[in-house]
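Colleague: Letter by letter, the chains look like this.
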Amino acid sequence: MNTLAQTLHITLLDDCVFSERAATEGAHDTLDRIPGSALLGAAAAQLYPQLTTAEADTVFHSGRVRFGDGLPVCDGGPAWPVPMCWHHAKEYKPGAGALDGSALHNFLHVDGIEASAGDAASARQKVQAKQLRSGYVSATGQLLRPQRNYRMKTAISAQTGRAAEAQLFGYSAIERGQRFIARLEADADVDPQLFVRVASALRGQILLGRSRSAEYGRVRVTHGDAAATALQHGEVEGRTLVLWLLSDLAPCDAHGQPTLLPDPQALGLPAGSRIRWDKTFTRARRYSPWNATRHGFDAERQLLMAGGVITIELPPGADAAQCAQHLQRGIGLHRQAGLGRVWVNPPLLMHPHPQFAAPAQRPAEAAPVAAPEHALVDWLNNRMPSPKTDIEDWVNAIVARYFDAIEAARNALGYPDFATDFYPSRAQWGSVYEAARTKNGADLYRALFQGDGAIIKKQGKGWGLEFPSSKGEWNSLADWLKNEIAGAQQTCDARQVRQLARRLMDHPAKRKA
Amino acid sequence: MKHVLHIALKSYWHAGTGRGLGAAVDAAAYRDSDDLPALPGRHVKGLLRDALEQAQAWGWPGHADGSLLQSLFGQRTEQSAPGEIPRSGVLRVSDARLPEPLCAWLRQDSQRAQRAALFRVLQSTAVDEHSASARDHSLRGIEVVVPLDLHAELEPLPGATLPAQWDARLRDVLPLIPAVGGHRTRGLGRAVLTLEAA
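So the protein sequences, as listed, match chains A and B.
Quick note on numbering: the first sequence equals residues 207 to 719 in my numbering.
Quick note on numbering: the second sequence equals residues 132 to 329 in my numbering.
Calculated directly from the structure, the hints in this document are not laboratory data.
From a predicted model like this one, the values you see are computed outputs, not experimental measurements.
Don't be surprised by glycine CBs; every beta carbon is placed ideally from N, CA and C.
There may be inaccurate statements among the hints.
[To be verified] Simulated DEER-style distance windows between Cβ atoms:
hint : chain 1 : residue 1 : chain 2 : residue 2 : range
1    : B       : R302      : A       : G376      : 28 to 36 Å
2    : B       : A247      : A       : G367      : 27 to 35 Å
3    : B       : A329      : A       : A566      : 51 to 59 Å
4    : B       : A235      : A       : D610      : 49 to 57 Å
5    : B       : R266      : A       : A369      : 20 to 28 Å
6    : A       : Q567      : B       : A235      : 20 to 28 Å
7    : B       : A329      : A       : A460      : 51 to 59 Å
8    : A       : R568      : B       : D303      : 26 to 34 Å
9    : A       : A361      : B       : R302      : 20 to 28 Å
Using the sequences and the hints given, assemble the complete structure.
Modeller: Structure below.
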């Protein structure tokens with residue numbers, strides 16, 4: 207079936223906020239992709255006044271034109287929401303970067319993760335499995351997790367000039383500079399001229415997401431080859447169809463009412479089709495979309511989240527190929543907003559372990575940027591630092607990153623907010639301080655980091671804490687401190703180490719009452 | 132058509148985050164995604180709006196009716212009648228940042244030390260009015276940024292039209308903004324603001 211299609215390359219010029227839900231209670235979180243509804247809204251803001259009622263219905267309400275989600279870019283194409291049927295051993299910690307296909311187990315084909323070969327008893331044991339839940343995976347096996355930030359803000363009272371009461375709020379946003387790719391698609395019977403008008407409305411600089419009138423929302427959109435976002439649906443053999451949800455799905459029942467239990471007949475499949483729940487992996491969420499034009503909420507949407515996997519068994523005699531083709535147009539409600547996009551029998555889900563394509567050649571690193579002619583550059587290059595200022599600056603910077611690492615470990619490993627015993631104690635930093643009082647240089651380095659008697663070592667309680675970096679790579683606190691304090695020179699400045707240790711000994715959470 | 136709001140900082144300044152940085156810093160300065168200092172666009176927008184509200188309150192010629200204020204920044208939600216949809220403004224305000232060539236140089240990994248040099252920590256303490264000595268447990272560290280020149284972009288929202296001579300009328304009230312950022316009534320953030328067409 208031919209469809210009209212346009213690939214949109216989207217670069218964030220500002221941080222962008224795409225709220226997961228509109229509730230004002232509880233933490234605010236942003237989606238980690240650009241929802242198709244945001245692109246639909248941007249196009250509607252421009253085009254709605256210009257279109258006839260029939261045209262507007264075709265483009266924005268009927269589902270015959272579909273504004274796909276903006277997904278992270280990898281190797282020129284989209285990375286897709288990680289499928290929920292992939293599991294890994296609990297010890298394997300997939301960070302951002304290349305995934306090990308052999309460490310991922312597709313529970314569409316296996317029922318658990320076997321222990322590695324050993325004696326007969328351990329071979330029968332299953333390894334504790336963990337679902338791979340967050341992030342996006344490319345065809346080459348790269349795991350991407352778009353960078354997000356969280357900023358707290360408050361309103362200022364015009365009368366007092368101080369923070370207004372009960373006006374503290376926070377915005378979680380996707381950081382600027384990141385690139386996404388989306389697919390604008392239309393059924394073959396949509397007027398091509400109308401489709402071109404819609405595509406043209408999504409070109410150049412546009413505003414997406416919340417708080418568009420200040421600080422957030424600017425993106426640049428360019429058009430690309432439609433083939434970059436086209437799906438290669440897999441071969442259809444037998445009566446089983448595997449659907450990988452590439453966007454949220456809003457299923458409905460036979461009466462058109464929202465439901466979280468997909469009804470195969472309501473999806474357009476023949477009577478007798480059934481869902482294989484033992485081979486179906488889904489998670490649900492619900493939200494009420496905000497309509498800025500009507501200044502109000504639309505009806506709540508109940509969704510199966512992107513990344514879900516649904517296995518369908520067709521009845522005997524069904525034309526599986528035709529059913530697959532029908533599903534490729536998208537399923538469920540609100541398809542105009544990008545919901546319901548599915549990949550039928552995707553190659554990545556057809557084996558017990560995913561088989562990734564060979565990675566593309568990485569582009570060469572960009573050449574360094576030379577310093578521009580500017581008074582600030584002169585000042586930075588010519589400033590005369592005082593030793594005291596330099597040490598304080600160094601300590602401040604490391605302390606900030608140290609606590610960032612601890613919070614990253616807390617969030618990743620599930621320690622409660624009040625826990626302070628999983629990272630080095632006051633006494634442990636006191637040992638560091640004592641060493642720095644009597645040693646310096648290479649001696650201090652050996653005392654801190656080398657040998658069985660090292661003060662800071664990975665095997666030690668607290669020092670061995672593992673934390674994920676912003677790129678998703680795991681590191682131990684001991685190795686990180688070794689790099690920060692000594693670097694490649696394997697020598698330590700006793701003054702710096704004493705100040706650092708003193709600062710961390712005096713941290714309020716660690717002070718004795 | 133875009134306009135550029137130049138903010139020439141003349142003293143240490145602090146854009147707040149509501150967060151601290153461990154033991155040394157009770158109030159961390161705002162950093163953008165490149166780890167560079169910036170003034171959030173919502174703050175800049177609030178300063179401009181506040182300046183126009185002051186001009187209206189004091190009956191400045193050309194500003195007493197508040198028409199420019201309403202047009203650029205819309206209606207405050209708390210001032211609209213129940214059930215009334217507040218009118219939106221037509222002006223968009225970006226973050227105030229360093230010029231892009233400077234940002235491109237400073238955001239590189241190799242310039243980490245130069246980025247760190249833009250920040251300072253000021254320590255202060257309350258003085259007990261009876262003993263004239265430092266009050267216990269009142270030591271506070273606030274992270275500030277060295278004086279810089281920042282630029283914010285002002286432009287109409289898509290599909291909107293700015294009122295005639297809005298830029299000249301907005302320039303009238305810029306002197307009502309003597310400082311930016313947090314703690315600006317305590318000496319931080321002294322600035323001179325100017326507006327020009329891009």
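Colleague: Work down the list of hints and note, for each, if the structure agrees.
Modeller: Quick rundown of the hints versus the structure:
Judged by the Cβ atoms, the range 28 to 36 Å given for B:R302 and A:G376 holds: they are separated by roughly 34 Å. The beta-carbon spacing between B:A247 and A:G367, approximately 32 Å, falls within the hinted interval of 27 to 35 Å. Checked against the given bound of 51 to 59 Å, the beta carbons of B:A329 and A:A566, roughly 38 Å apart, lie outside it. Checked against the hint of 49 to 57 Å, the pair B:A235 and A:D610 fails, with Cβ atoms roughly 25 Å apart.
The hinted range of 20 to 28 Å is satisfied by B:R266 and A:A369, whose Cβ atoms lie roughly 23 Å apart. Range check, A:Q567 to B:A235: about 25 Å between beta-carbon atoms, so the 20 to 28 Å window is met. As the Cβ distance of B:A329 to A:A460 is approximately 57 Å, the hint placing it in 51 to 59 Å holds. For A:R568 and B:D303, the Cβ-Cβ distance of about 54 Å falls outside the hinted range of 26 to 34 Å, so the restraint is violated.
At about 26 Å, the CB distance of A:A361 to B:R302 agrees with the hint of 20 to 28 Å.
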